[in-house]
Structures are given as C-alpha cells and as structure tokens.
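Heads up: the sequence lines are chains A and B, in that order.
Anchor point for the first sequence: position 163 equals 163 in the UniProt record's numbering, and the numbering is continuous, going up by one each time.
Anchor point for the second sequence: position 49 equals 49 in the UniProt record's numbering, and the numbering is continuous, going up by one each time.
Bear in mind the hints are in silico, worked out from the structure with no lab data behind them.
Careful: at least some of the hints might be erroneous.
[Said to hold, decoys possible] Below, computed lysine to aspartate or glutamate pairings styled on DMTMM-like, alpha-carbon distance capped at 25 angstroms:
id, chain 1, residue 1, chain 2, residue 2
1, A, K197, B, D62
2, B, K197, B, D220
3, B, K197, A, E231
4, A, K197, B, E16
5, A, K140, A, D38
6, B, K197, A, D38
[Stated by the list, open to error] One side of the interface only, derived from the structure: several residues of chain B facing chain A at Cβ under 10 angstroms:
id, residue
7, L78
8, H133
9, L134
10, S149
11, H191
12, S232
13, A233
14, V237
Glycine residues also receive a C-beta, built at the ideal position from the N, C-alpha and C atoms.
Each chain is listed here by its residues.
2 protein chains.
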Amino acid sequence: MSNEPVPEHIVRSYDEELRRLRDMTARMGGLAERQVADSTQALVRRDTALATEVVQRDVQIDQLEREIEAFCVRLLALRQPVASDLRIIIAAMKVSNDLERIGDYAANGAKRSLVLSSLPAIGSLNGFERMAHLVQENLKAAMDAFVNSDAEAARRVWEADEPVDAIYNGIFRELLTFMMEDPRNITSATHMLFIAKNLERIGDHTTNIAERIHYAVRGDNLPEDRPKADESAYAVVRPAGS
Amino acid sequence: MSNEPVPEHIVRSYDEELRRLRDMTARMGGLAERQVADSTQALVRRDTALATEVVQRDVQIDQLEREIEAFCVRLLALRQPVASDLRIIIAAMKVSNDLERIGDYAANGAKRSLVLSSLPAIGSLNGFERMAHLVQENLKAAMDAFVNSDAEAARRVWEADEPVDAIYNGIFRELLTFMMEDPRNITSATHMLFIAKNLERIGDHTTNIAERIHYAVRGDNLPEDRPKADESAYAVVRPAGS
Numbered sequence: 001m002s003n004e005p006v007p008e009h010i011v012r013s014y015d016e017e018l019r020r021l022r023d024m025t026a027r028m029g030g031l032a033e034r035q036v037a038d039s040t041q042a043l044v045r046r047d048t049a050l051a052t053e054v055v056q057r058d059v060q061i062d063q064l065e066r067e068i069e070a071f072c073v074r075l076l077a078l079r080q081p082v083a084s085d086l087r088i089i090i091a092a093m094k095v096s097n098d099l100e101r102i103g104d105y106a107a108n109g110a111k112r113s114l115v116l117s118s119l120p121a122i123g124s125l126n127g128f129e130r131m132a133h134l135v136q137e138n139l140k141a142a143m144d145a146f147v148n149s150d151a152e153a154a155r156r157v158w159e160a161d162e163p164v165d166a167i168y169n170g171i172f173r174e175l176l177t178f179m180m181e182d183p184r185n186i187t188s189a190t191h192m193l194f195i196a197k198n199l200e201r202i203g204d205h206t207t208n209i210a211e212r213i214h215y216a217v218r219g220d221n222l223p224e225d226r227p228k229a230d231e232s233a234y235a236v237v238r239p240a241g242s
Numbered sequence: 001m002s003n004e005p006v007p008e009h010i011v012r013s014y015d016e017e018l019r020r021l022r023d024m025t026a027r028m029g030g031l032a033e034r035q036v037a038d039s040t041q042a043l044v045r046r047d048t049a050l051a052t053e054v055v056q057r058d059v060q061i062d063q064l065e066r067e068i069e070a071f072c073v074r075l076l077a078l079r080q081p082v083a084s085d086l087r088i089i090i091a092a093m094k095v096s097n098d099l100e101r102i103g104d105y106a107a108n109g110a111k112r113s114l115v116l117s118s119l120p121a122i123g124s125l126n127g128f129e130r131m132a133h134l135v136q137e138n139l140k141a142a143m144d145a146f147v148n149s150d151a152e153a154a155r156r157v158w159e160a161d162e163p164v165d166a167i168y169n170g171i172f173r174e175l176l177t178f179m180m181e182d183p184r185n186i187t188s189a190t191h192m193l194f195i196a197k198n199l200e201r202i203g204d205h206t207t208n209i210a211e212r213i214h215y216a217v218r219g220d221n222l223p224e225d226r227p228k229a230d231e232s233a234y235a236v237v238r239p240a241g242s
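Looking at chain A on its own, in the form it has when it is part of the complex:
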C-alpha cells in the first residue's frame, strides 16, 4: 500500500486489485508447475496424449503472462504505486516472465518426449523424475512465498537449487556414456540431454523467482553468489578404453 492517505473506498479497491494480481500470478505458477509435472510424466510413461496436451496448454501460460503484464501496466498508470506496492507489481511482471520461460521449457520437453516415445527406451528415467520433483517443489514453495510475502521462505528456495544441479550433472555423464556405448542411442540420448537441461534451467528460473520475491518483500537483494553445482559446461566424458 502507498503511504499517502487515500479515501477508504479507493483503499479497498486497490487492495483488491493487488490481491487479484497475486491470485493471477499464483494461478500462472500453478499452471507452470502442472506443465513441469505432466511433461515429466509424459516422458516417463511414454504418454503421447499427455505430451500433446502439454504442448497445446502452453498458449494458456503465454496468455496469462500478457494478462498479468496488462494488469500491472494498468495498476502502474492508475494507482501510481510507490515503495513495497511498486516492488510487488514489478515482481509480478518479472515472475510472470520467468514462469513463461518455465512453460516454454516444459513444452519443449513434451515435444521431445513425443519423439522419444517412437524410439527404443534407454537408461533409467529416475533422475529425471527426481529432478522434476525437486524443481516442482521449489517452484511451489516460491509461489507460496509470493502469496504470503514471505522473504525467509523465498531465501530457502533460492538456496535449494544445488541438488537439482547435482542430479543434472549425473544425468549428463550417464547419457554421454550411453551414446558412446551404442550409436543407436545417440538421437534419444541427445533429446534426453536437452530435457534434462530444460529441467535444470527451470530450476534456475525458480531461483530467479525466489530472488525477485525476496527483493519485493524486503527491498534488498540476496547476495550475488548463489550455491551452484552445475559443472556440466566444463565436463569431459571419454569413451571406455580411450
């Protein structure tokens, strides 16, 4: 709320608008979580109907992002918010931007799982399920922190991405080994590598969301160095015997 005194009926309506903004953003977060969950289930169960649903549902997320942005612009123009209200509105815009990217990554994963369902299965998908589970939990916790304006909860999410990176590094090495063992695994393993990378990036966007919420609630930034364990950009895996 702005610090300046305003007539009661305007206060109430403004509060309602801010609550509506939180609700819209929370709804978008819920949809993004569901897309991550369903695209992973589609991969694990080789469920092409579900994968197709995920791909088609992506437009809903894009639409919500546009609605949130339009609503924020309206609030900025009509309410001219300051201080924490202004930070919340900016956070909602930025969070919706991250959620839109998360939706894109989930839809891209679903497209790839459509291809994978037509190819022989390789390796175990346990790592993917664990990664998706962690990422979804973090995303849910981040959106709860947003709805409850809970900076401490946001900080915990921000710190919780490390195991996601660790699982990704394991998957990276395992898939490269499968590729080296049999060239017929290469197409599948490549698509799986990109799906794993998508999940890792979803984790990164979730920490971005947590950062923005922390800033919106507290007005100060988290430190720049986040605990980060993704070393795959530096990884060298060699074929057995070479």
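Chain B: place on chain A using the hints.
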C-alpha cells in the same frame, strides 16, 4: 512524455532521465552483442584467453541489469509516468532482462569453448559463425530500433529469426552424424550442440526484444505466430546403415 502539463524544468529533466534510460539499455545491448561476438570468436579460434574474458565480463551485464531496474523503479516512483513513457520504461526493464539471458548464454558458450579447446576439433564451425553473425545483426538492429523508437524496424527484426533456426537445424543433424561416426566425437559434439542451442535461444530473446520495442512504441502487440523454423525438438537422426 506524460500528457499533463508540467513545469518546463521538470520536463527537461524527465526527458534527460528517459534519454539516460535509453542510453543505459543501448550500452547493455552493445555489451551483449560483444559477448556473443567474442564467445563465437573464442570458439572458432580456440582462444582460451578470450573465452575467459567473456566468462569474466558477464558480471558487467548482470550489474547493468540491476542498474537499469533500479533506475526504472525510481522513474516509476518519482515520475509516475503514463501512456508511452510508461511503456518505454517497462520495455527497458524487460529488454534488460532478455539481454541478461543473452549474456548468460554467451558466457555459457565461452565456458564450453574452453573445454573444446582441449579436445580434438571436429567438423566445420562455419555454421556457428553464420548463426552468430545473424543473431548479432538482429540484436544490433533491435537495439537501434529501441533507441530510435522505430516500430517498423522492430517488426523486421522479429521476422528475421527464421534463417537462424534453419542453420541450427543443420548443425543439429551434422553434429549427431559426427557422434554416430566416432564415439570419440561425442563429448565435443555435445558441447557444440549446446553452444548452437545457446545461439538459437539468443535469437529467440532477440525476437522477444523486438516484440517489446514494437509494443512500447505502438502500444499494440505483434501477432502471436512468429515465423519459426526450429524443428530440432522433433528431429530423429539415425546412424548410417541402421
């Protein structure tokens, strides 16, 4: 500018602030372009010193994003802009967000080129150079459109991403073929695949930037369906003879 009459000295200072915002954003765009160019040169020339520079320079981009956001928040709180001024300020925030991602992708590519420089070279890097060149040109044109408030130029950038996707699809297939020919190519080809994907995503972020500029200048959205040629998520490449 706001439509309401305001004292002349405030008008001038506000104009200066908006010009400063454009300058900061243009500077960030220039830095992002340079990161894309240098990370590609580091890859092509196997220049580890340049790759290391790119990785280290990424903090400058992150810093600029924070400065732009802080400046925008200040403008929103103190100037309470409406209409096209408000759209420009929101565009600057969103554009800086896209530029930060572009910087991340360039730095990630530079990290991977450090690994690649220690492995035997495979294939030609012409496709990477062409892709990087197109992406940089589009990014430069997008930032020029921002500085000049040129919606038509922004629309042309938005339409120009298709050849980038086409080159990416070619690289994807070529690299999978190299992997299938010799397992010793797999680590290198995987890192190269991610670098190509990074360039493709830089292209996507550039079209996002163009969309936001078009919206900021004109107040209406470009159509939802952008010309898009990346079909690699659906690609199946089979080993020779299988």
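Report task. Grab the minimum C-beta distance from A233 (chain B) to chain A and call the hint holds if it beats 10 angstroms, violated otherwise. Result -> Cβ of A233 (chain B) sits 4 angstroms from chain A, so the hint holds.
**Report entry** Closest C-beta approach of H191 (chain B) to chain A relative to 10 angstroms, hint status
**Finding:** Interface hint status for H191 (chain B): holds (8 angstroms vs cutoff 10 angstroms).
Query raised in the report: Is the hinted pair K197 (chain A) and E16 (chain B) satisfied, with a Cα-Cα distance of at most 25 angstroms?
Result: Answer violated: K197 (chain A) to E16 (chain B) is near 43 angstroms, above 25 angstroms.
**Report entry** Evaluation of the interface hint that places L78 (chain B) against chain A, nearest CB under 10 angstroms
**Finding:** Hint holds; L78 (chain B) Cβ to chain A Cβ min 9 angstroms, cut 10 angstroms.
**Report entry** Status of the S149 (chain B) interface restraint (C-beta, 10 angstroms, chain A)
**Finding:** violated (18 angstroms)
Query raised in the report: Holds or violated: is the Cβ of S232 (chain B) closer than 10 angstroms to a Cβ in chain A?
Result: holds (9 angstroms)
Query raised in the report: Close enough to count: is the Cβ of H133 (chain B) nearer than 10 angstroms to one in chain A?
Result: Since chain A brings no Cβ nearer than about 23 angstroms to H133 (chain B), farther than 10 angstroms, the hint is violated.
Query raised in the report: Would the pair K197 (chain A) and D62 (chain B) pass a check requiring their Cα atoms to be no farther apart than 25 angstroms?
Result: holds (22 angstroms)
Report task. Measure nothing beyond the straight line between the CA atoms of K140 (chain A) and D38 (chain A); if it is 25 angstroms or shorter, mark the hint as holding. Result -> holds (15 angstroms)
Report task. With a cut-off of 25 angstroms on the C-alpha distance, tell me whether K197 (chain B) and E231 (chain A) pass. Result -> Since the Cα atoms of K197 (chain B) and E231 (chain A) sit roughly 18 angstroms apart, the hinted pair holds (cutoff 25 angstroms).
Query raised in the report: Does the structure keep K197 (chain B) and D220 (chain B) at a Cα separation of 25 angstroms or less?
Result: Violated. K197 (chain B) to D220 (chain B) sits at ~30 angstroms, over the 25 angstroms cutoff.
Report task. For the pair supplied as a hint, K197 (chain B) and D38 (chain A), confirm whether the alpha-carbon distance does not exceed 25 angstroms. Result -> Distance of about 24 angstroms is within 25 angstroms: holds.
When the structure is compared with the earlier hints, violations turn up for hints 2, 4, 8, 9, 10 and for no others.
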